[in-house]
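Make the full structure from the sequences, and use the hints.
Here are the chains, one letter per residue:
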Amino acid sequence: MKTDPLGVLTGEHYLDGDYACGEGAMAAGCRFVAGYPITPSTEVVERISQRFPMIGGTFIQMEDELASMAAIVGASWTGVKSMTVTSGPGFSLMMENIGLAAMMETPCVVVNVQRGGPSTGLPTMVGQADMMQARWGSHGDYEIIALCPESPQEAFDLMTDAFNLAEEYRTPVLFMMDECVGHMTEKVVIPDPDKIDIVPRKLTRAKPEEYKPYLVNGNMIPEFARAGDGYKFHTTGLTHDEKGYPVMSEECQAVLVKRLVDKIRLNADEIAKYKEDGVDGADVVLVTYGITARVARMGIDLARKKGVKVGVIRLQIVWPFPEKRIRELAGKIKAFVVPEINYGQIVLEVERCAAGKVPAILVSHMGGGVHNPEDIRDAILEAAK
Amino acid sequence: MVLSGHIIGHACAINAGMHATMIQSFGPEARGSACSTTLVVSDTEVLYPYIQRPDIFVVMSSEGYNQYRDELKDDGILIYEKDLVHPKLKKGQASYGITSTRIAESLGRKIVQNIVMLGFFGSVTKIAPREALREAVLSSVPAGTEELNLKAFDAGCEYFDKEFGDAAKGKSGKKVKAGT
Amino acid sequence: MSKVIERTIDATEHPISPYIRMDRMPHIWCPTCGIGTVVKCYATALDESGIDINKVSIVSGIGCTGRTAGYMNLDGFHTTHGRAVPFATGLKLGRPELLVTVFSGDGDLVGIGGNHFIHAARRNIDLLVILINNFIYGMTGGQNAPTTPITAKTSTMPFGNFERPFNIPHLAASCGASYVARYTSLHVRRMTKAFKEALSRKGFRFIEIVTPCSTLYARLNKLGTGLNLINYYEKSSEIRNGVDTRDIDISFQDKIICGKFIDEERPTFLDMMHDHYKRTLGDRYVPMSNEGGMIRE
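Protein chains in written order, with my numbering: chain A, 1 to 385; chain B, 386 to 565; chain C, 566 to 862.
FYI, nobody ran anything at the bench for these hints, they're computed from the structure.
Hints are supplied without guarantee of correctness; some may be wrong.
Said to hold, decoys possible - Simulated restraints, written as ranges between beta carbons of each label pair:
| no. | chain 1 | residue 1 | chain 2 | residue 2 | range |
| --- | --- | --- | --- | --- | --- |
| 1 | B | R438 | A | K258 | 53 to 59 Å |
| 2 | A | D378 | B | K476 | 29 to 35 Å |
| 3 | A | L215 | C | N806 | 22 to 28 Å |
| 4 | C | L846 | A | P37 | 18 to 24 Å |
| 5 | A | A254 | C | L846 | 50 to 56 Å |
| 6 | A | T120 | C | R811 | 52 to 58 Å |
| 7 | C | E803 | A | E210 | 48 to 54 Å |
What the hints assert, rightly or not - Within a straight-line C-alpha distance of at most 25 Å, the following computed BS3-like cross-link-like pairs (lysine-lysine) qualify:
| no. | chain 1 | residue 1 | chain 2 | residue 2 |
| --- | --- | --- | --- | --- |
| 8 | A | K243 | C | K758 |
| 9 | C | K620 | A | K243 |
| 10 | A | K334 | A | K275 |
| 11 | C | K758 | C | K620 |
| 12 | C | K620 | A | K207 |
| 13 | A | K273 | A | K243 |
| 14 | A | K202 | C | K620 |
Quantities reported herein were computed from a predicted structural model and do not represent experimental measurements.
The beta-carbon is built from N, C-alpha and C at its ideal position, and this holds for glycine as well.
So, in structure tokens, the structure goes:
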């Protein structure tokens with residue numbers, strides 16, 4: 001369906017990534033946000049708290065990130081599109097209820113504007129070191145969806161994808177910005193509301209007496225009933241059967257957890273979103289995301305001037321990882337190069353998919369700034385040898 | 386300073402069809418002490434958002450000048466508050482001073498000195514058409530202050546016209562640093 | 566398979582069976598545990614209130630009391646440890662017409678969840694919070710709780726507790742709760758009446774039910790059987806409505822002061838928000854509808 005025009009500030013704006021992210025959420029139909037202030041993400045909720053009273057949304061500043069995450073999961077059970085926003089330390093606190101959202105199959109969006117870590121780290125400076133936490137941060141087996149914008153414009157655009165994927169797969173979706181994109185101001189074009197397609201909450205049509213909250217009938221995604229519609233359903237963070245009742249057994253665990261993982265893992269190709277440039281016939285392929293993708297393009301240009309055949313895959317969705325494409329390329333190229341603002345995270349995933357056929361070379365920046373394009377160029381030249 | 390950077394970026398990106406990427410200094414600096422903002426303006430997509438050596442350095446306090454003066458390119462342009470900053474230029478660097486604080490005071494509100502400076506900056510650099518900057522001022526300042534801010538902008542432009550005429554020319558692909 | 570529960574009750578059924586997921590019986594609670602009594606009283610209060618139970622949600626955290634949400638035939642949410650109150654806050658704000666009750670144990674509500682409890686009370690979020698205080702962490706094996714009376718033995722204070730416990734009604738009252746009461750699980754009629762009354766009020770309503778764990782607390786402290794405990798409540802509880810909540814600490818095997826302590830109407834979070842935005846934004850204010858913020862096709 002087309003989005004609710006009330007949330008869409010159509011026009012050309014000069015916005016930073018945080019504001020653009022907030023506008024993206026409102027344009028995508030988000031109407032409940034709970035958050036706790038943390039640099040460098042706070043401007044997202046500042047923007048939202050400024051506009052929500054005029055568009056039928058409710059914002060509440062909770063007492064901490066545990067509460068913020070719990071509140072958006074609760075709110076989502078009324079059918080409202082809900083979101084919270086944080087950075088590293090708060091993201092760590094949210095992990096408990098991200099797991100609850102995964103287990104209860106609750107659509108919601110969590111924005112992490114990444115800064116340098118670990119711990120308090122570099123509150124006002126860029127990092128990309130929460131990428132593996134995004135994938136594995138909460139305990140137990142589950143799969144997650146995570147997006148990475150490279151610009152304020154994309155922070156706006158990809159928010160619609162984030163909310164839509166949350167609905168389609170009934171899962172928490174992580175929006176992994178970085179401080180550089182968050183605090184970078186650029187032109188952002190917000191389209192007309194009739195150009196923005198959103199996925200509404202798909203409510204069950206079953207009769208209340210026949211409804212089972214986790215019955216999948218051969219599909220991967222159960223039908224949703226919202227609180228207050230007379231379904232009297234039960235949902236729990238415990239391992240549960242199709243009625244949503246706790247069942248402490250190996251069999252129930254196997255059925256439930258396998259489905260939680262597979263509903264995303266088996267649809268990875270469907271979910272994947274990346275942009276390729278010059279990959280066909282390339283000797284070296286970069287795998288990039290977030291702000292680093294932009295800086296890497298300078299390194300690529302410099303390497304191409306030296307005659308190296310170099311292509312790039314820029315991940316707009318990092319999780320699930322585009323495993324199939326990386327495996328295909330591994331047989332055709334000399335090496336992957338992975339620049340990232342951490343000491344080696346997504347490079348591990350590239351290496352796993354390359355499966356020993358070709359090396360995956362890390363170009364690390366430890367955080368607090370972005371790469372020197374020359375360092376990326378040098379890594380490409382080295383890899384092409 | 387941050388507002389000025391925002392207005393210039395807005396003028397270039399929205400009103401003049403260029404690419405303009407602004408980064409503001411963040412942290413304790415944004416809370417009352419010295420602060421700065423950097424802006425990269427280009428005809429093509431800006432890939433690297435930070436600035437090591439700006440082409441243009443706009444400065445409104447001696448503290449800001451001392452902190453950032455060494456970053457200005459050897460052939461860069463310094464634009465400064467004439468009463469507050471006493472520049473020591475390298476050979477090859479050009480400079481343009483304006484008494485922006487006094488001009489703002491004569492308009493009745495010292496707070497608009499940054500907009501006076503903005504008019505002056507636009508005139509020195511020709512980074513965007515004067516009208517594009519003027520429109521950006523209009524869309525960026527708080528409601529009810531438009532008239533005062535436009536007066537301030539025009540005063541900055543007039544000061545340039547009077548003192549420097551057509552002496553300065555701007556180029557595209559500029560990296561601007563502004564500090565107070 | 567799920568058994569369909571009809572609202573009509575025949576003589577062979579328990580009077581509150583429409584409110585219970587009978588297909589989940591028997592429950593996990595120990596014989597003589599007080600939690601079942603509280604559930605029965607809450608169900609009776611719902612029934613006698615004539616509330617549309619389709620609009621009632623129940624949220625609980627983790628622990629013995631946490632299982633309550635799973636046994637009641639309402640929209641039920643069995644959430645994470647300590648987070649029932651913020652989860653319920655989101656549920657209420659996402660669809661303001663819902664009537665949301667939180668059932669929580671003492672460790673859940675004021676141990677791990679203490680920060681959420683005080684802030685929800687401060688904001689006067691429209692929630693009915695029922696605390697079942699068993700003086701101990703029951704499900705995990707009798708560890709010390711923030712409510713354990715001084716000198717009482719627990720599995721992590723084997724020589725007796727030396728930490729000062731919370732006086733939770735006082736905590737709730739001092740944070741701004743609009744309704745505060747305490748009873749023991751023996752006060753069936755008074756408790757039911759308090760639930761009914763609280764269901765008709767707005768804001769953060771807090772009712773503590775004292776019912777020491779009849780298995781672990783009783784055994785570790787050599788207090789005999791569940792029956793001995795019930796006799797003890799009978800003997801030592803005292804109703805003192807309106808008493809200053811500063812004076813109702815619970816000491817080991819001492820008097821339990823019960824009654825209704827606070828019943829004052831105060832604007833809720835949503836009342837305050839609506840009033841404020843109407844005043845400051847006028848016609849520009851677009852409140853979320855009472856049916857919630859879900860965008861429909």
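The hints, checked one at a time:
no.: 1; hint: B:R438 with A:K258: 53 to 59 Å; result: 56 Å, holds
no.: 2; hint: A:D378 with B:K476: 29 to 35 Å; result: 33 Å, holds
no.: 3; hint: A:L215 with C:N806: 22 to 28 Å; result: 49 Å, violated
no.: 4; hint: C:L846 with A:P37: 18 to 24 Å; result: 23 Å, holds
no.: 5; hint: A:A254 with C:L846: 50 to 56 Å; result: 53 Å, holds
no.: 6; hint: A:T120 with C:R811: 52 to 58 Å; result: 39 Å, violated
no.: 7; hint: C:E803 with A:E210: 48 to 54 Å; result: 51 Å, holds
no.: 8; hint: A:K243 with C:K758; result: 33 Å, violated
no.: 9; hint: C:K620 with A:K243; result: 20 Å, holds
no.: 10; hint: A:K334 with A:K275; result: 20 Å, holds
no.: 11; hint: C:K758 with C:K620; result: 21 Å, holds
no.: 12; hint: C:K620 with A:K207; result: 17 Å, holds
no.: 13; hint: A:K273 with A:K243; result: 34 Å, violated
no.: 14; hint: A:K202 with C:K620; result: 20 Å, holds
Of the hints listed earlier, those the structure fails to meet are numbers 3, 6, 8, 13, in rising order.
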